[in-house]
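> Chain by chain, the residues run as shown.
Protein chains: 2
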Amino acid sequence: MSENKRIILDPFGATVIEDYERLFTEFGIQPLKPLLSEIPNPFMAMRRGVIFGHRDLERVINAMKSGKEFAVMSGIKPTGEFHLGTLVTVREIIYFQQQGAVAFYCIADIEAYEDNGIPFEESEKIAINNVADLLALGFDLKRGYIYRQSKEERVKDLAILFSRGVTLATIKAIYGERHMGLYLSALIQAGDILMPQLEDFGGPKPTVVPVGIDQDPHIRFTRDLADRFYNKFKFIPPSSTYHRLIKALDGSYKMSKRDPMSYFTLDEDPELIKKKIFNAFTGGRPTAEEQRKLGGNPEICPIFDLYLFHFFEDDKDVIELYNDCRCGNILCGEDKARLAKIVADFVKEHQRRKRQYMDKAIETLKTK
Amino acid sequence: MSENKRIILDPFGATVIEDYERLFTEFGIQPLKPLLSEIPNPFMAMRRGVIFGHRDLERVINAMKSGKEFAVMSGIKPTGEFHLGTLVTVREIIYFQQQGAVAFYCIADIEAYEDNGIPFEESEKIAINNVADLLALGFDLKRGYIYRQSKEERVKDLAILFSRGVTLATIKAIYGERHMGLYLSALIQAGDILMPQLEDFGGPKPTVVPVGIDQDPHIRFTRDLADRFYNKFKFIPPSSTYHRLIKALDGSYKMSKRDPMSYFTLDEDPELIKKKIFNAFTGGRPTAEEQRKLGGNPEICPIFDLYLFHFFEDDKDVIELYNDCRCGNILCGEDKARLAKIVADFVKEHQRRKRQYMDKAIETLKTK
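Chains A and B, in that order, are what the protein sequence lines are.
Taking this note's numbering, the leading residue of the first sequence gets 467, the next gets one more, and so forth.
Taking this note's numbering, the leading residue of the second sequence gets 467, the next gets one more, and so forth.
Simulated from the structure, these hints should not be mistaken for lab results.
Mixed in with the good hints there might be a few duds.
Just so you know, same-sequence chains aren't split out, so a pair can sit in one copy or run between any two.
[Stated by the list, open to error] Dumping the calculated PhoX-like pairs for lysine-lysine here, alpha-carbon to alpha-carbon at most 25 angstroms:
1) Lys832 with Lys698
2) Lys807 with Lys591
3) Lys591 with Lys698
Because the structure is a prediction, the values reported are computed rather than measured.
Extracted from the complex, chain A is given alone in its bound form (with noise of 0.2 angstroms):
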């Protein structure tokens, strides 16, 4: 498909930044970019500009090349199953893994009772769902833990301790006047974060949470609770990273389970996310002919996103189809059908790999 028409723009970033720049200059993220010709084997979403931002990654970085011990650490709530947004974090954490780190990974069902009031035992069952789906994407039980909150002791147990360093002006500054639950929520969170550093754990040692930039407020009130709280942990503050967002399939940045066509879950049959994808709002001009004359926006297409995020796996092949668009070399229904194809053989895989991973997923879970 791709023509000799030359590149017209970097599609790794350039917007996102300019998005973002608030957060470089008002919140203290650092942009990502200068950082990454010092990341040996840097993740897709690094090289992409999907993950633009940091806090102290060079920390992680250096522990990295010199062989010395690191964590990464993140979660989910349990509130339903796996989809696109939640791929991006899973990936990130599996690559660390891959790179060197033990990999912690929560099952945030305290949080998924307080903030949605979704009782234990259903979460328990969303959350060997979403294992499974853990473990099939690549996790490694072997330099890995997972856990539910409910049933460790050690995160509620800092969650009691943070609780002393924490005043009410403080927690409502960053999270609003919001019930008891959610504070505790908060508090149990940073415990999450700063578990990997516990003596049980081989103590402190530098850790990457990778998030949404939506999280960042969670990274802000762990990071000074781990200074609060140096003198008896240790603690060395947890680093971040932030990715963007993925877009939902009608172009927005609600994946809303109220409108179902705008995004798929990996539970999902294949044939369902085909019509879900040829039915995606995209970057495109009203005619063919128009597209053809003045070329498609890619910077607002989800179907973009979708290739960007995920499912191209070399970097050439994604600046190959943004300018293959730019330029209207390419219209949106072969890009689609492109996409379905690939997404399709991937769901399938995956939902075949899930299926030999359940049992491993109940017993993971049994008693964390």
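Please build the complex by placing chain B on the supplied structure of chain A, with the hints as guidance.
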């Protein structure tokens, strides 16, 4: 000492009821007196108006009378040695246990940390000493459960569940603007009070919580949570009894560590305790002559409180002393000398018994 002057006043409760009238009218606390004849074998402090009020105690009395299961629950914040204030509650717990209750005694080490900054390692030592006191005073481990909050997952898990039912406005109204640790320990305390009703302990049952009147906000908070979580647990709202505070030796209500002459603990040298008693404030007159003529004032006298609360077994002795004092038949010196001997004998015997319980106390707290 007593002579044939007539009884002027009932020393049991008249003034108390007057002081606390607002509690009855404004907060829905019920006076205990009308219930007294219903209680098969009323406790000394009940008969004497030291315990002056209650909520829903009928429910507990009915269980007592019909031989149905019921519980008594209270505890201590492990910040120091048992003193005379602690003794009121402990004796009431043991009383209810002897009347057939299963007794729950909580070492509130999370509260000691959150409120007083006492680390768990330190409060553990204090708790062992407290538990030895409790056992020496007659707490029966065969029908009792002693635990530390920090080791009892059930109370932490109840706190986590309850937190979703508590708005910031509610908790601020009760506890004021405090740090998160204080709020969390309030939730944990609600867990303590309702834990006896979990399936692990035989399910819902009437539970009485003996507290000082200053603790009523905790009771109201917990009763509200019992209602909110009725569907899940079938909680019976906890009953409570309220006791007067015992006066400090300086006549105030402040037993303060900064003023060690204002109180004594059960660990102190009996000779030192005697000295403190001789130095105590009394309700006596400036001269013996005036005292004989005008009589003393037992209402403001910490020496009288000690007899009333603890050191006269027989009600008649208290009434007699009250009248002898009022009528000027007894002077403070001889009254103190008698008390000093009774207290010193009691403390000596208690310390002897306590030494025999130290190992049991260590063992009791080993895992909980």
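> With 25 angstroms as the alpha-carbon cut-off, assign the pair Lys591 and Lys698 to within, between, both or neither.
between (37 angstroms within a copy, 19 angstroms between copies)
> Pop the pair Lys832 and Lys698 into one bin, within, between, both or neither, using alpha-carbon distances up to 25 angstroms.
between (32 angstroms within a copy, 23 angstroms between copies)
> At 25 angstroms max between alpha carbons, let me know whether Lys807 reaches Lys591 within a copy, between copies, both or neither.
Neither, since 30 angstroms and 67 angstroms both go past 25 angstroms.
When held up to the earlier numbered hints, the structure conflicts with hint 2 and nothing else.
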